[in-house]
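Read the sequence shown against our numbering and you will find it ends at 1252, with the numbers running on by one and no gaps.
It is possible that some hints are incorrect.
Claimed, not checked - Mimicking EDC-like on lysine to aspartate or glutamate, the simulated pairs with C-alpha atoms at most 20 Å apart in a straight line are: (1) K1233 with D1149; (2) K1186 with D1209; (3) K742 with E703; (4) K742 with D1025; (5) K742 with D694; (6) K800 with E884; (7) K850 with D628; (8) K850 with E1120; (9) K742 with E720; (10) K552 with D597; (11) K552 with D628; (12) K953 with D913; (13) K698 with D1179; (14) K953 with D986; (15) K1139 with E1151.
As the list claims (entries may be wrong) - DEER-style ranges, computed between Cβ atoms: (16) E904 with G858: 24 to 32 Å; (17) D906 with T1131: 26 to 34 Å; (18) E1120 with D985: 25 to 33 Å; (19) R1102 with Q1237: 36 to 44 Å; (20) V1047 with E765: 17 to 25 Å; (21) N693 with S761: 39 to 47 Å; (22) S1156 with E765: 35 to 43 Å.
FYI, nobody ran anything at the bench for these hints, they're computed from the structure.
Every residue gets a Cβ at the ideal spot worked out from N, C-alpha and C, and that includes glycine.
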Amino acid sequence: MKIWPGNPYPLGATYDGGGTNFAIFSEAATRVELCLFDEEGRETRVDLPEREALVWHGFLPRVVPGQRYGYRVHGPHDPSRGLRCNPSKLLLDPYAKAIDGDFRWDQALFSYDFGDPMSYNDADSAPFTAKSVVVNPFFDWGNDRPLKIPMYETVIYEAHVKGMTIQHPEIPDDVRGTYSGLAHPRMIEYFKRLGITAVELMPVHQFVHDSGLVERGLTNYWGYNTIGFFAPHNGYSSFGGRGGQVQEFKSMVKALHAAGIEVILDVVYNHTAEGNHLGPTLSFRGIDNPAYYRLVDQDKSYYYDTTGTGNSLNVRHHESLRLIMDSLRYWVTEMHVDGFRFDLAAALAREFHEVDRLAAFFDLVNQDPVVSQVKLIAEPWDVGDGGYQVGGFPPNWTEWNGKYRDSVRDFWRGDQWSLGEFASRFTGSSDLYQDDGRRPIASINFVTAHDGFTLSDLVSYNDKHNEANGEGNRDGESHNRSWNCGVEGPTEDADIVMLRERQKRNFLATLLLSQGVPMIAHGDELGRTQRGNNNVYCQDNDISWVDWDDARNFDVLTGFVTRLLQLRAEHPIFRRRRFFTGEPAGDSKLPDIAWLRRDGEVMTESDWSTRSGMTMTVFLNGRGIPERDALGEEIKDDSFLVLFNPLGEDVAFTLPGRDYGRTWEVVANTADPLLAGRRRTAKAGSQVNVMRHSLTILRCRY
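Based on the provided sequences and hints, a complete structural model is requested.
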C-alpha cells in the first residue's frame, strides 16, 4: 500500500476528501505501524514513514471515513524505567474521533502473563480490542452558534444520556437511551417546560467497562473510565460505531441549542481506563507510558495515583497537556459544546505533589482563546493528600460547592450548629469566593448529584443499601447527612410520606432560591429512587434509570419545581451578580439583606447559636440590586421574605414592620405546594404560621 509522508499536524486521523493523514506522538517508539482493518477483520500493516518533533505520520490516499484502524508501537519494554512498548498489542489512537466495538476481556489485552507481572506477553490483542475509526468531519451546523447564556441565568440539569430516556414511553424504542433520544422533541419539550437552561451530561467520552465489573455481570454505567478523549461513546449511539456517533452527537447538540439549552460535558482527564501496573495495554501505556502517566519517582514500574483508579494523567508532561487542551478545543469548535465539568479537577493541578492553582494546566486554560470562553466547572477535590480544594480554584473557574450540599442537608435535618454555615451557603458562599474577586456564580450549588443518594432516597434512608453492587455494601459514602423521616425505606404511613414530600420541596426550594448557580440531579423532580443505593456506578438497569411511568405520581413535585424556576427566572434578586453587603440597597434605607428572628426582629449574635434560632426569616431587598441592565439602568425588583422552619413543630412567624413592606403575598409554600388552602396575603407585623419542616416565600406587593 502506497503511503505518502503526510503531516505531523493535526494529530489523529484527518480526512480531507481525498485520503487520510495519520499522526501519532511517541518519544518512546523506534517504529510505528499503522494497522488497517477490512470488513472481515483482516489486518493490513503499514509503517508510518516520517518522524518529526516526536510525531510519527503518513498520508494514505483513498482511505475514507468508516475505515477502522489502530497502531502497533515498537520500542523498549522496560517497566523499571517506565517503558512499556509492546507491538503485539493493537493500540487505540489517543486522538481517535470515533471508536468501534468494545473490549472483550482476554489475557491478550495485557502485556504480562497473569500471576507474573514482570513477564512479557506477546499474544496478539487485535481480535479482542476496539478499533479507532476515521470520521467524516463535515456536518451542516446551519445557524448554530454558542448560546453563551450568562452564568447567573444558568440552571444546570445533570443527566445521564442512557438513563434519562431508556424507559421513556413516548420516545421510539430504537433511539431510547441514545443521543437521539435526548434530542427527541418530547425530551426537549420537557426540559423547556421545566425551565432548565443547560444539560450537564455525565461522561460521553468513549469509556471502558472494567473487567472486574463484567465478570460480576455489571458494567461501568456512569462512564468515569475514559479511553478516548475525542470520541463520543459508541454505546449511546443509535447509528452504530463506525463514525455515526459523531454525526448523532452533533445533531443532538444542534437540537438542544435550537431550543435554547446549552450542553456541558462531564469530562475525566485525571485518569484513563488502563489502570495501574496490572492493567491492560489499550492505548496510552503502549504508546508512551511515561509521557501520558504519572509514575512513582522511586520505581517507575508503578503509577502515582490521586484518583483512586490506579493511575493519574501526567500533567507535568507537555504531551499530556496538549492532549487535554486539544480535546477541549475539539469539543468546543467541532462538537459545539458550551462548557465542561472537570471530574476530580484537583488532580489536574498536581504538577508535583500539592494542588497548585498556578499549575500549567490552569495557565493553558486561562490563555486559550477558545477554552477560556466557555463554562468551566471544577469538581474541586481528588483523593490525594490536601485534595479537598473547595474555594481554591482560579478566578475564571466555578466549582461544585460540596460545602453547600453538606450545609443544606444538615440544616433541613435539624443540625442546630449549621445555621451560620447555612446562611453563608444560601447567600453565595462569599467566604469561599469573594477574596479572589469571584462572584456568587463561582458556586455551583447542589443538594444531590449522580454520586450519592437521589433526593427521594435522601429523605427515605439513613443508611446506604448498595448490596446490588456485589461489594458487601462496603462501597459508597457512609456519612450521607440524610434523614429517613422515621422509617427506613418505603412506607405506607401517610404522615411520613407527606413529610418526605415536604422535605424534597424544602431542599429544592432552598436550592433554587440560593445565590449562585443551581444544579438539579436528573429525576429528582420526578421522584426518582435508587432504592437506597448511593453508588449506582455499575447499575445499568432500573435501579438507576428514570422511571417515567412512576414519575406521574410526582406531578405535584415537578410542577412545584417548574414554578420555582419560573420565579427565579423572573426575579433577579435570586440570581444577583454580586454578593450581599448588608448595606442599604439603592434608594432604600434598608440593607440589601436582613436576617430576622421569628418575632420579626433582627437576629443578634447570640441568636445564631440557639436552637430557637433555627427558625428565621431572610429579607431580600429588591429596591436596588447593584447591577445595571443592557441600557445602563439600575435593576430593581420586588422584595421577598423567606421564612424557614426546619423544626418538628409549627411556628408562628411575625412579619417585620412597615419599613420592610406593608403587604406581603405568599408565592410558594412547601407545606402547601398548590397554595390551595393558605392565606395568600399578610400585613406587616401580622403573624404567618409556618408548618413544621417547611418554608414559605412571600413577595412584597407595596
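Exercise for review: Would you check the hint for K953 and D986, treating anything up to 20 Å between C-alpha atoms as holding?
Suggested key: holds (18 Å)
Point to revise | Cβ distance range 35 to 43 Å for S1156 and E765, holds or violated | key: violated (59 Å)
Review point. Under the criterion that the straight-line Cα-Cα distance not exceed 20 Å, is the pair K742, D1025 satisfied?
Key: The given pair, whose Cα atoms are some 36 Å apart, is violated under the 20 Å limit.
Review point. CA of K742 to CA of E703, is that 20 Å or under?
Key: Distance of about 14 Å is within 20 Å: holds.
Check your understanding: Taken at face value, is the distance from the CA of D1179 to the CA of K698 at most 20 Å?
Key -> holds (17 Å)
**Study point:** Distance restraint evaluation - V1047, E765, Cβ atoms, bounds 17 to 25 Å
**Key:** violated (40 Å)
Check your understanding: Taking only the CA atoms, is the gap from K1186 to D1209 under or equal to 20 Å?
Key -> holds (17 Å)
Point to revise | 20 Å limit on alpha-carbon distance, applied to hinted pair K552 and D628 | key: Status violated; Cα separation ~34 Å.
Check your understanding: Straight-line Cα separation of K552 and D597 no greater than 20 Å?
Key -> holds (10 Å)
Check your understanding: Are the Cα positions of K742 and E720 separated by 20 Å at most?
Key -> Holds. K742 to E720 sits at ~17 Å (cutoff 20 Å).
Review point. Lying within 26 to 34 Å: is that true of the beta-carbon distance D906 to T1131?
Key: Holds: the Cβ-Cβ distance is about 32 Å, inside 26 to 34 Å.
Practice item. Assess, step by step, whether the Cα of K742 is no farther than 20 Å from the Cα of D694, and give holds or violated. Key: holds (18 Å)
Violated hints for the displayed structure, listed by number in ascending order: 4, 8, 11, 12, 16, 20 and 22.
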